Amino acid sequence: MRLLKTDYSKYTDEDLMRSYTEGDKVAFEHIYARYESFMVNFFYRKLWSDRIKAEDFAHDLFTKIIDKPESFDLTRNFKTWLFSVANNMCKNEYKKQEVRKNTGYDIPEGVEAEDNTVLPDKAVDQNNFNEQLKIELNKLNDKHREVFELRHFEGLSLNEIAETLEINAGTVKSRLHHATKTLAEKLTVFRKTMI
Amino acid sequence: MIKEAENIILNKQYYELSVDELATVSELVANAEEFEDMKWFLASTQQALVSEKIEATPDLKKKVMEHLNQPKEKRRFWLNGVIPFLLPEDKRFYQKPAFQMSVAALLIIGFLLINNNSFKDSTVALNDGKMIPDKVGGGETGKLIVEDAEGTVTTLQNDTPESISLAESMDSLSVTRSVISDLVESETLEEIDEISHDGFYSGELSEDDLKKIEESKNRDLNNLNSTGSVFGDNGGTISGKADKTVAPAIVDIDDESTVTTIKNNNQTVVNNPGQTVDMSGQPKDIKGKKKSEKDRRLKQNADAYSSNNEVVDKPEIEQNLGGGFDNKYRDETKVITESDDADMSVGGAKDKEFKEIRPFSMHVNETKELKKLFTVYK
Numbered sequence: 022m023r024l025l026k027t028d029y030s031k032y033t034d035e036d037l038m039r040s041y042t043e044g045d046k047v048a049f050e051h052i053y054a055r056y057e058s059f060m061v062n063f064f065y066r067k068l069w070s071d072r073i074k075a076e077d078f079a080h081d082l083f084t085k086i087i088d089k090p091e092s093f094d095l096t097r098n099f100k101t102w103l104f105s106v107a108n109n110m111c112k113n114e115y116k117k118q119e120v121r122k123n124t125g126y127d128i129p130e131g132v133e134a135e136d137n138t139v140l141p142d143k144a145v146d147q148n149n150f151n152e153q154l155k156i157e158l159n160k161l162n163d164k165h166r167e168v169f170e171l172r173h174f175e176g177l178s179l180n181e182i183a184e185t186l187e188i189n190a191g192t193v194k195s196r197l198h199h200a201t202k203t204l205a206e207k208l209t210v211f212r213k214t215m216i
Numbered sequence: 016m017i018k019e020a021e022n023i024i025l026n027k028q029y030y031e032l033s034v035d036e037l038a039t040v041s042e043l044v045a046n047a048e049e050f051e052d053m054k055w056f057l058a059s060t061q062q063a064l065v066s067e068k069i070e071a072t073p074d075l076k077k078k079v080m081e082h083l084n085q086p087k088e089k090r091r092f093w094l095n096g097v098i099p100f101l102l103p104e105d106k107r108f109y110q111k112p113a114f115q116m117s118v119a120a121l122l123i124i125g126f127l128l129i130n131n132n133s134f135k136d137s138t139v140a141l142n143d144g145k146m147i148p149d150k151v152g153g154g155e156t157g158k159l160i161v162e163d164a165e166g167t168v169t170t171l172q173n174d175t176p177e178s179i180s181l182a183e184s185m186d187s188l189s190v191t192r193s194v195i196s197d198l199v200e201s202e203t204l205e206e207i208d209e210i211s212h213d214g215f216y217s218g219e220l221s222e223d224d225l226k227k228i229e230e231s232k233n234r235d236l237n238n239l240n241s242t243g244s245v246f247g248d249n250g251g252t253i254s255g256k257a258d259k260t261v262a263p264a265i266v267d268i269d270d271e272s273t274v275t276t277i278k279n280n281n282q283t284v285v286n287n288p289g290q291t292v293d294m295s296g297q298p299k300d301i302k303g304k305k306k307s308e309k310d311r312r313l314k315q316n317a318d319a320y321s322s323n324n325e326v327v328d329k330p331e332i333e334q335n336l337g338g339g340f341d342n343k344y345r346d347e348t349k350v351i352t353e354s355d356d357a358d359m360s361v362g363g364a365k366d367k368e369f370k371e372i373r374p375f376s377m378h379v380n381e382t383k384e385l386k387k388l389f390t391v392y393k
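Residue numbers (our numbering), protein chains in the order written: chain A, 22 to 216; chain B, 16 to 393.
The hints are simulated quantities; they were obtained by calculation from the structure and are not laboratory data. Here the structure is a predicted model, which is why all the values come from computation and not from measurement. Even for Gly, the Cβ is constructed at its ideal location relative to N, Cα and C. Among these hints, one or two may not hold up.
[Stated by the list, open to error] Every beta carbon over 10 Å from chain B, so not counted as near; a handful from chain A, in silico:
(1) K31
(2) D34
(3) S40
(4) R55
(5) R97
(6) N98
(7) V120
(8) I188
[Said to hold, decoys possible] Partner residues aside, some chain B positions facing chain A, computed with beta carbon under 7 Å:
(9) D52
(10) L75
(11) V79
Sequences are here, hints too, so could you generate the full structure?
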């Protein structure tokens, strides 16, 4: 019988995973509490702002960890491992969507589903900054975009981004530099209207 | 570091930067104006992210925790697994793929089993290589009698006394040879065992056998003016009488256990009857009635043949046992005249003259050598 309640808040992510691997379900509850919001938002941004899909993917991710905790290498950083798994899930979803897009049920070629033309009054509207940020982000190269999102949206450090994407830290730095400057140049127009 | 540069840009003013900080932010901004633009952009992005964040529904946590607290046996996340696919729980038994596939497999196997029975139909002909045509090209090939030691007689005859081509005659001879080969093989299987795999007889020959072999060779040399031995080196000798060469496909194989006689249309022509050499080393009186009966029949045939046939033949023509006779001698052969009954080759009954040499009645005396010959041939 335990006399003292374990203080899981002092545990690192890796310690919690080790405890869960040994059968401690409470440790997993703490892991879930730490990363639930992160993962749902990550999927939400990566999967076309689809809330239901984001929650489904988050559910799948955590159930995978529940079923196969041994798939996590305890010597690695749990946060980067979790993001790399989530990132791979998103890539698989992209491939599925690419296949479905070619099944013939799409909108005919030449017809746009949505008018992406930004009207002048909306372009200078402060409320549309977020929307314009998404648009400009989508115009970026995939490699630059994912680095920028991981840095600014998920708050990962350069080394964590490098470990998540399994690329060099210098490469991460140059990509982030390029993405930041490009977006800043294109979105500076909002600054003058907002002031 | 960019992270540091972002922090510096967000937290400090441009004029507050030290030399090191200025060097750090110089990767992103070049002057004060760009510094301010970048500061505004980063701050706006932070605000946008905060406003864009969503909160997970309580339902998500409930589902995950339910999954966490489930026993491991009931955790079936992989809905695309084999067992969930084959035996889905929400379908009736006949809708389950496992049941449907097993029924399909049973149907296919049953169909194949039923169809396999049709191949055992006794009415279907079996091509075992022993089919002998009754008529070869509409021509006359004569009567072929194959008789073994047990008295079983196989008669192959074409009744129409028409002319046949050389190729057809040779085909007939090859068929005959295959039949003889089968008979010899079946009757003398035990004795063939004495012959080693290299085709040579490994047993010892008695003095009587050696003497008979010598006699046979001398006799063959005497008869070489009409026909000759072909497989001299291998020991198989086909001999013929000088002035009696007439009918094709006349082969007499004298064996202790096998007697095969190929007859003419109505006649059996035998060369050198009574000069059979027994190579088996067994006394001749063991042959008993079969031998005497054979000798009597051969003698009758020889008499009948000599009374009806008149033969003029080209001397010293070597015959090939396999082909019956060699093509190169075909044009050189003299005219052969014989009776209608004996005529069984080119020209038919009306044409008394033909320019083909027809195989002489072949009398193979040396049984052991013949066995070697067949062994090597097979």
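Status of each hint after checking the structure:
1. K31: holds, 22 Å
2. D34: Given a closest Cβ separation of 17 Å, the condition holds.
3. S40: Fine: 14 Å to the nearest Cβ keeps A:S40 off the interface.
4. R55: The claim holds: A:R55 sits with its nearest Cβ about 13 Å from chain B, beyond 10 Å.
5. R97: At about 21 Å from chain B, A:R97 clears the 10 Å cut-off, so the statement holds.
6. N98: The assertion about A:N98 holds, with a minimum of 17 Å to chain B.
7. V120: holds, 16 Å
8. I188: holds, 15 Å
9. D52: holds, 5 Å
10. L75: Hint on B:L75: holds, closest Cβ of chain A at ~5 Å, below 7 Å.
11. V79: Interface hint status for B:V79: holds (5 Å vs cutoff 7 Å).
Of the hints listed earlier, there is not a single one the structure fails to meet.
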